[in-house]
Structure formats: C-alpha cells, structure tokens
Amino acid sequence: MANQGQGRGPRFLIKLSGESLGGRAGVGIDPDAFAFIGQELTLAMAGGSELAVVVGGGNFFRGNRSTEWDIDRVAADQVGMLATVMNGILLRDWLSRNQNAATALFSAIPVNSVVTTYRATEARAKLAQGCLVILAGGTGNPYFTTDTTACLRALELNCAGVIKATRVDGVFDADPEQQADAVRYQHLDFDTAISRRIGVMDTAAFALCRDNQLPVRVLDITVPGNLARAVEGKVVGTLIS
Numbered sequence: 001m002a003n004q005g006q007g008r009g010p011r012f013l014i015k016l017s018g019e020s021l022g023g024r025a026g027v028g029i030d031p032d033a034f035a036f037i038g039q040e041l042t043l044a045m046a047g048g049s050e051l052a053v054v055v056g057g058g059n060f061f062r063g064n065r066s067t068e069w070d071i072d073r074v075a076a077d078q079v080g081m082l083a084t085v086m087n088g089i090l091l092r093d094w095l096s097r098n099q100n101a102a103t104a105l106f107s108a109i110p111v112n113s114v115v116t117t118y119r120a121t122e123a124r125a126k127l128a129q130g131c132l133v134i135l136a137g138g139t140g141n142p143y144f145t146t147d148t149t150a151c152l153r154a155l156e157l158n159c160a161g162v163i164k165a166t167r168v169d170g171v172f173d174a175d176p177e178q179q180a181d182a183v184r185y186q187h188l189d190f191d192t193a194i195s196r197r198i199g200v201m202d203t204a205a206f207a208l209c210r211d212n213q214l215p216v217r218v219l220d221i222t223v224p225g226n227l228a229r230a231v232e233g234k235v236v237g238t239l240i241s
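The numbering of the sequence shown is my numbering, which starts it at 1 and goes up by one.
Please note: incorrect hints may appear among the correct ones.
What the hints assert, rightly or not - Mimicking SDA-like on lysine to any residue, the simulated pairs with C-alpha atoms at most 25 Å apart in a straight line are:
hint : residue 1 : residue 2
1    : Lys234    : Arg210
2    : Lys234    : Arg184
3    : Lys234    : Gln213
4    : Lys234    : Ser49
5    : Lys234    : Gly47
6    : Lys234    : Ala46
7    : Lys234    : Asp220
8    : Lys234    : Asn212
9    : Lys234    : Tyr185
10   : Lys234    : Pro176
11   : Lys234    : Gly161
12   : Lys234    : Phe172
13   : Lys234    : Asp169
14   : Lys234    : Ile198
15   : Lys234    : Thr166
16   : Lys234    : Gly48
17   : Lys234    : Pro224
18   : Lys234    : Arg167
19   : Lys234    : Val200
20   : Lys234    : Val223
21   : Lys234    : Asn158
22   : Lys234    : Gly130
23   : Lys234    : Gly199
24   : Lys234    : Thr42
25   : Lys234    : Asp173
26   : Lys234    : Leu43
27   : Lys234    : Val183
28   : Lys234    : Pro10
29   : Lys234    : Asp191
30   : Lys234    : Gln39
31   : Lys234    : Gln186
In case anyone wonders, no lab produced these hints; they're calculated from the structure.
Please put together the full structure from these sequences, using the hints given.
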C-alpha cells in the first residue's frame with residue numbers, strides 16, 4: 001500500500017467525533033468548537049500533509065440509542081449517518097469561509113443536491129490536489145461505527161495511518177477522569193487493545209487496522225497544536241500498531 005501523497009507530505013485519516021464539535025457539552029453546534037477544530041486542521045495541513053477527515057454525528061444523534069428511543073436500529077443508524085452529513089456541511093463551509101481552505105465533501109449516503117457521493121478514486125484525486133477531504137455518511141450501511149468507517153476509508157485512500165482525535169490524551173490503564181493516578185500508554189499492539197477491550201475504538205475497527213498493518217494514534221484534539229505534531233511524526237498520545 002502506498003502510504004504517501006503524490007509529491008506532498010504523508011497522508012492521514014483523522015477520525016473526528018461529533019461531540020468535539022459540540023463544545024464542552026458535546027451536544028449540538030458550538031461555533032467556538034468549530035473554529036478551534038478548523039484552525040487545528042488548517043495548521044496540520046500547513047506542513048504539506050494530506051488530510052482526510054471522517055466526521056461523526058454524536059453531537060446530534062447516535063445510532064446506539066435505538067433502544068432508548070424505541071426505534072428500529074437500522075432507522076437509528078440512518079439518522080446518525082445523516083447527522084454526520086450535517087456536521088460535514090458545516091465544517092466544509094467554515095473552513096472555506098474562514099480559512100480559505102480548499103475542501104471537498106463526500107457522503108456515503110447519496111444526497112445529490114447537497115453533497116458529492118463518495119468514490120474512493122475521486123477522494124484520492126482531491127487529496128493529491130491538496131484539498132482537505134471531509135467524509136460523511138459513515139459507510140452508508142447500518143451497524144458500522146464511524147471508527148470502523150475511518151479505518152476502512154484510510155485503507156481505501158492509501159493513508160499512512162489513522163489519527164483518532166478525542167478529548168483524552170491517549171489510552172490509559174484506567175479512566176483518567178476518575179483516577180488521577182491513571183497511567184497513559186505510549187504504545188499498545190492491536191492484540192492487546194482487543195484482548196483488554198480498550199474502548200477507544202470498537203473491535204471491528206481494531207481488527208481491520210491490525211490485519212492491514214494500519215497504525216492508529218489516539219490524541220487529545222483539545223490541546224492546541226497536537227494534531228499538527230502528530231502528522232509531523234512527533235510523539236503525541238498513544239500509538240496502537
């Protein structure tokens with residue numbers, strides 16, 4: 001697998017949660033959160049790296065709430081996938097208007113009057129042209145998380161790795177919000193992450209990366225410059241490989 005852009009820097013897939021766009025509450029739309037994330041993405045691209053972003057929709061709706069809402073899981077996942085399209089549109093527009101960034105938005109769910117339907121060949125071409133590519137709509141199918149989507153798209157787009165942007169500085173041996181003495185791992189292998197049921201990604205996503213030797217870095221997106229440091233190859237958060 002060619003893990004480099006065409007004559008540019010390395011190519012990475014960023015998994016961005018919907019909650020990160022909802023501010024501290026992680027719900028709805030927070031203009032300051034969009035501004036911060038947009039600036040971090042622009043900074044990360046400044047060194048020449050090619051970036052694709054799989055955006056979640058948890059700030060609007062999560063498919064795993066189907067039982068709570070007493071609705072069909074397939075319908076719930078479809079609502080969740082459409083929520084990612086809304087986030088994608090907002091992120092694209094913010095980047096275009098405020099950072100003058102070249103962007104391309106694709107959706108796995110056809111919304112022809114609003115978003116271009118995802119095709120790997122077209123997305124790769126946009127990346128090679130220097131566009132920040134935003135990927136919405138999940139896989140287009142129910143029962144697949146956006147984490148699994150991120151790993152799948154990273155493989156399709158020939159990325160050097162996946163960067164999971166969270167609100168925690170990597171993977172710890174305990175919940176750092178509940179245990180002040182929790183220790184952060186600098187590195188984990190996929191088998192350990194799967195056997196210990198590390199909750200930062202689902203098992204299907206981990207297995208896909210393991211089987212295709214695709215590394216995953218987990219970092220805290222709320223720390224200014226963290227994303228740029230990660231794409232530059234500096235040690236940030238936890239590396240799972």
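Index of numbered hints that the structure contradicts, given in increasing order: none
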